[in-house]
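All chains, please: the whole structure from these sequences, using the hints.
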Amino acid sequence: QVKLLQSGAALVKPGDSVKMSCKASGYTFTDYIIHWVKQSHGKSLEWIGYINPYSGGTNYNEKFKSKATLTVDKSSSTAYMEFSRLTSEDSAIYYCARGVTDYFDYWGQGVMVTVSS
Amino acid sequence: DIQMTQSPASLSASLDEIVTITCQASLDIGNWLAWYQQKPGKSPQLLIYGATSLADGVPSRFSGSRSGTQYSLKISKLQVEDTGIYYCLQHYSAPWTFGGGTKLELK
Chain H
522 QVKLLQSGAA LVKPGDSVKM SCKASGYTFT DYIIHWVKQS HGKSLEWIGY
572 INPYSGGTNY NEKFKSKATL TVDKSSSTAY MEFSRLTSED SAIYYCARGV
622 TDYFDYWGQG VMVTVSS
Chain Y
6 DIQMTQSPAS LSASLDEIVT ITCQASLDIG NWLAWYQQKP GKSPQLLIYG
56 ATSLADGVPS RFSGSRSGTQ YSLKISKLQV EDTGIYYCLQ HYSAPWTFGG
106 GTKLELK
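So the sequence lines, in the order shown, correspond to chains H and Y. Basically my numbering = 1-based index in the first sequence + 521. Basically my numbering = 1-based index in the second sequence + 5.
Be aware that a few hints might be false.
[What the hints assert, rightly or not] Below are the DSS-like pairs computed for lysine-lysine, each with C-alpha atoms no more than 25 angstroms apart in a straight line:
{"#": "1", "chain 1": "Y", "residue 1": "Lys108", "chain 2": "H", "residue 2": "Lys564"}
{"#": "2", "chain 1": "Y", "residue 1": "Lys79", "chain 2": "H", "residue 2": "Lys524"}
{"#": "3", "chain 1": "Y", "residue 1": "Lys79", "chain 2": "H", "residue 2": "Lys564"}
Because the hints were derived from the structure by calculation, they are not lab data. Computed from a prediction, not measured in an experiment: that's the story for all the values here.
Pasting the structure below:
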């Protein structure tokens, strides 16, 4: 069955970067886009961007363009998101999700990122 | 960016009641709309895609409809396990945008 397994929670200092992973299984990794979504505490969802594992092509929400970097490792069927220059506003849960015809059918369990000194 | 205005923000309903949640798109997005349910501490789960198509494994009491730029999610007979937060998502054009969410509770 399709699974997206994300890395564990992270506690990081302001100004630092964090890199999280999303390991796909149960399907051909390069056949589907991987999206990343932010959910701030108690708030709605924000689309960060996506990466095409086949081509490496990316599409970012302008709001996160200078903040997020999406990459993949095809050999391990893993997608990565690096978030840089972290502030308290970046404390949130981050999800990866598989894209099919542009909507998301399967989601990872989420990574809680806490930015605190 | 396309704005998705979701209403109501919260809703309390009784067992077996009919529940309707709506999302208004700021422009025509065709049928490029999906609905998700999120339980506390869990990731969102797909309910409806293409505005009206039921995702695999989703009970038939859930249905989606469209009237112009207004989209609705209907639960025909509310069950205990239907509590949670519901979100719409437009995937017509980037940036993809979500509605603000509807918190559904049992009365």
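Evaluated hints:
no.	hint	verdict
1	Lys108/Y <-> Lys564/H	11 angstroms, holds
2	Lys79/Y <-> Lys524/H	28 angstroms, violated
3	Lys79/Y <-> Lys564/H	23 angstroms, holds
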